[in-house]
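Okay, here's what each chain looks like letter by letter:
There are 2 protein chains.
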Amino acid sequence: MGEVRVRAGRQARQAERAHKGQGVGRPYILRNIPTYDVLSEENLIRIEAAADRVLAETGIEFRDDPVALDHWKTAGAKVEGVRVRFEPGMLREILKSAPSEFTQHARNPAKSVRIGGRNVVFSPAYGSPFVMDLDRGRRFGTIEDFRNFIKLAQSSPNLHHSGGTICEPTDVAVNKRHLDMVLAHIELSDRPFMGSVTAEERSEDSIEMARILFGAGFVNDHCVILGNVNVNSPLVWDGTMTRSLRAYARANQAAVVVPFILGGAMGPVTNAGGIVQSLAETMAGCALTQLERKGAPVIFGNFLSSMSLRSGSPTFGTPEPAIGSQVIGQLARRLNLPLRCSGNFTTSKLPDGQAMMEGTMSMLAAIHCGANFILHSAGFLDGLLSMSYEKFMLDADLCGALHAYLDGIRIDDDQLAVEAFAEVGPGNHFFGCSHTMRHYQTAFWDSELSDNEPFEKWEAAGSADAARRANRLWKKRLAEYEAPPLDVGVREALHDFVGRKKAGVADAWY
Amino acid sequence: MGEVRVRAGRQARQAERAHKGQGVGRPYILRNIPTYDVLSEENLIRIEAAADRVLAETGIEFRDDPVALDHWKTAGAKVEGVRVRFEPGMLREILKSAPSEFTQHARNPAKSVRIGGRNVVFSPAYGSPFVMDLDRGRRFGTIEDFRNFIKLAQSSPNLHHSGGTICEPTDVAVNKRHLDMVLAHIELSDRPFMGSVTAEERSEDSIEMARILFGAGFVNDHCVILGNVNVNSPLVWDGTMTRSLRAYARANQAAVVVPFILGGAMGPVTNAGGIVQSLAETMAGCALTQLERKGAPVIFGNFLSSMSLRSGSPTFGTPEPAIGSQVIGQLARRLNLPLRCSGNFTTSKLPDGQAMMEGTMSMLAAIHCGANFILHSAGFLDGLLSMSYEKFMLDADLCGALHAYLDGIRIDDDQLAVEAFAEVGPGNHFFGCSHTMRHYQTAFWDSELSDNEPFEKWEAAGSADAARRANRLWKKRLAEYEAPPLDVGVREALHDFVGRKKAGVADAWY
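Taken in sequence, the protein lines are chains X and D. Quick note on full-length UniProt numbering: the first sequence kicks off at 1 and runs consecutively. Quick note on full-length UniProt numbering: the second sequence kicks off at 1 and runs consecutively.
Hint data in this document are derived by calculation from the structure and do not stem from the laboratory. Fair warning: there could be bad hints in the mix.
What the hints assert, rightly or not - One side only, chain D facing chain X, incomplete, derived with CB under 10 Å:
1) GLU42
2) GLU61
3) GLY127
4) PHE130
5) ARG138
6) VAL236
7) PRO314
8) ALA322
9) ILE323
10) HIS368
11) ALA404
12) CYS433
13) ASN452
14) GLY504
15) ALA506
As the list claims (entries may be wrong) - Some residues of chain X that are not near chain D, with every Cβ distance over 10 Å (derived):
16) THR74
17) GLY89
18) ASP135
19) GLU480
As the list claims (entries may be wrong) - Which stretches of chain X does chain D cover? Using the computed rule of at least three CB atoms under 8 Å from a CB of chain D, they are:
20) 186-200
21) 414-420
22) 433-439
23) 442-452
Every residue gets a Cβ at the ideal spot worked out from N, C-alpha and C, and that includes glycine.
I would like the entire structure built from these sequences, with the hints used as guidance.
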């Protein structure tokens with residue numbers, strides 16, 4: 001494990017160079033376009049003031065976690081029962097100790113990612129109970145599906161992170177699946193990953209496995225695992241979540257703090273009201289990490305959504321949350337915290353036009369809002385309930401396009417091409433000119449899945465739609481997959497840990 | 001026709017109120033979100049300087065139009081044969097007389113649109129020789145298809161404009177189809193429309209028909225018809241186009257000036273080089289309108305595209321043109337001209353995931369770049385070669401979503417909902433609270449085509465994908481279509497004009 005650290009220095013320098021490059025295959029993206037700021041500073045201040053009022057007047061409940069309540073008392077908050085109220089400005093002050101940017105280390109140091117600042121990291125979707133593919137339709141996810149998605153993510157040059165609970169492996173007991181999931185991430189991927197959060201003990205198991213991989217000392221000083229914790233909106237932090245959040249913070253690992261607000265259900269039906277609530281809930285959660293361990297990394301998360309006013313069903317990939325995400329981005333930057341926001345969302349049950357329309361709108365909102373860690377970059381269908389094999393491939397392809405988008409545009413004399421016009425002259429084509437020859441190989445992003453052929457050629461090849469092509473590609477990728485090398489001693493130690501943890505413990509299924 | 005003008009005053013005031021509202025059904029959108037500016041002023045100035053150098057050193061050819069060459073000589077440009085070179089700054093000076101914003105009048109004054117400034121107008125796609133639907137596949141467009149698409153546009157509350165050559169009616173002779181197209185726009189829609197540009201005479205016929213509808217005096221003082229003219233890139237203006245451009249300008253009608261640049265073919269392979277070229281070509285075309293008639297309305301147009309480096313095929317809806325469009329928007333605003341830019345583009349041959357992924361990316365670029373007149377908002381598949389009935393419906397649905405997107409977010413005490421949190425309290429839902437009851441009917445955009453139902457309900461209803469639902473919807477819309485009322489005298493006069501123009505003229509098919 002000392003070796004991991006020795007390699008880290010050299011390979012981190014390589015990564016530092018690599019991530020500044022162009023094209024896919026970089027460990028993460030350094031954005032070269034500005035964020036899209038939709039609100040004036042005056043209106044941002046109004047939102048902050050409204051959140052401060054909610055925190056001071058209504059407050060937040062912290063249930064089933066006396067330690068959290070003690071932290072708040074010590075910090076000077078007003079605690080009555082489980083209700084905690086905060087003086088305006090208090091949480092902002094606490095949050096000053098959280099880093100604005102940090103590295104999450106991968107077991108392959110060349111794949112470590114920077115989270116925060118201008119950095120962008122794409123991670124697969126998280127948390128679906130179901131999986132889907134064109135051949136077998138919808139079914140409950142299994143550990144085999146889970147492992148397949150890790151393999152597909154690892155094989156994609158367009159993603160940067162192995163993710164966490166890519167789908168629920170419902171064939172493994174609830175109290176043991178975190179062990180199999182973390183093991184799969186470590187064995188099948190050499191990218192950074194996320195641990196479990198469904199119980200404090202499972203969070204600690206996840207972190208312990210990271211210690212086996214990286215060494216306990218290294219883990220104490222470096223972020224190597226993330227835990228995604230959800231607020232029980234509106235205005236409730238459940239003890240299961242705050243205990244897990246504190247477990248990650250205590251170990252100096254980053255919690256991702258995420259309210260999931262369906263406007264009109266778990267929050268106000270107005271976009272502005274949802275943002276106020278999200279800001280209040282996330283600030284409180286992020287601040288709690290700092291009370292557990294000052295300086296621990298934490299990610300300011302967000303998940304706004306809307307609802308169909310005809311059916312009452314949740315809707316995703318709609319315009320209001322897209323606008324709202326961009327406002328959340330502005331608020332996170334004013335807090336100087338790394339941001340997780342938006343992702344690729346849809347209610348469609350197929351990898352069809354609806355799925356990609358909604359997915360692209362919500363994913364571009366994640367890009368424009370300045371999100372640093374984009375959980376849910378690839379795979380969701382069915383209103384977050386299903387991971388789709390085909391949608392995963394289509395979304396990963398979109399992530400490839402977004403590399404080029406985030407690279408923006410270079411302006412220099414060669415790119416401006418004034419001499420090329422003189423060389424080619426009016427009415428002639430640029431195919432063979434020296435400027436084209438010099439640049440054509442790197443000029444444009446090239447999709448793996450889009451069909452750009454003429455109609456006749458596409459028809460002659462079988463008239464496949466994008467979903468069908470994606471179906472072929474995920475099968476090809478799984479067939480070609482090779483696991484990245486893993487130190488034999490580490491592997492044995494991990495299996496030993498998992499075996500000991502499982503031994504003699506009855507399966508629990510809820 | 002006098003009546004049209006009397007009505008105009010009252011209904012224009014209604015429209016003035018209506019367009020400030022929320023939701024679809026407005027005559028056009030007044031954007032409430034900022035533009036997304038990706039480049040610094042310093043880099044914009046470098047692009048402008050490069051365009052100035054291309055205009056001064058390489059210049060532009062104006063072929064087969066001696067009048068255009070005379071205009072340039074009189075204006076002080078350097079004319080050698082058909083090559084025209086421009087001193088830096090000369091075109092900008094000429095362009096100062098073009099209006100930054102103007103109204104295009106509709107025959108129903110409540111549907112007149114403002115073009116320029118913060119206004120956004122969605123218009124159907126333009127120019128495909130083929131049409132497609134799920135039942136009959138791809139085939140050449142006919143006048144029946146053309147009329148169908150006008151009906152579908154007119155029926156959609158999400159579009160604002162009737163468009164122009166929505167598809168080529170290939171069953172009508174080339175030298176006569178402009179008459180049938182303009183007649184169809186006037187008879188089947190009461191929205192603004194575009195005329196023909198394929199020959200000077202056809203442009204003049206189109207404008208003459210507008211005079212029959214609106215009155216010659218009104219047309220001389222107001223914009224009632226647009227003509228979309230393309231540059232023969234690189235750096236060539238063809239006489240057919242400049243004669244049409246001048247015909248529109250002479251009649252005080254707005255030309256839309258559009259270079260269509262496939263990077264690496266008709267322009268440099270670099271994004272920056274394509275933008276330089278586009279700026280140079282468009283400035284020259286727009287300036288020519290001002291030499292023909294000072295103060296004539298004109299729209300600064302743009303169409304950047306990329307190419308697949310594997311196959312050499314053109315690609316659409318890719319990231320580089322999306323970024324490029326946003327730069328073009330910045331440049332157009334520095335010229336203070338109304339902008340047409342980007343639209344809904346794809347190379348997909350089906351209304352599938354690829355189509356909507358590419359379409360949404362390019363359409364959002366049109367929104368973010370500040371485009372005022374978004375030609376090609378709905379219908380394209382197949383690399384611009386086909387109009388698809390299903391894609392038209394899906395794209396129009398996206399246009400509906402973009403109404404909500406462009407409305408941005410309102411920040412006031414009621415929207416911020418601080419009191420609602422006090423009313424509901426932690427852990428309770430917002431379903432029935434007074435804030436939700438007050439706002440739920442207008443809170444969220446509701447798609448006509450997206451399926452937000454639970455999986456089981458969707459499956460029980462037949463598991464239709466978005467394309468299939470769109471197939472049903474366009475048939476329903478056509479069946480329900482009712483033509484807007486048209487004055488009998490105007491109708492007769494138009495038919496009389498068309499009959500006279502066609503009489504005794506042999507059909508030409510090229």
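**Item:** Violations among the numbered hints
**Value:** Result: hints 3, 14, 15 and 20 break, sorted rising.
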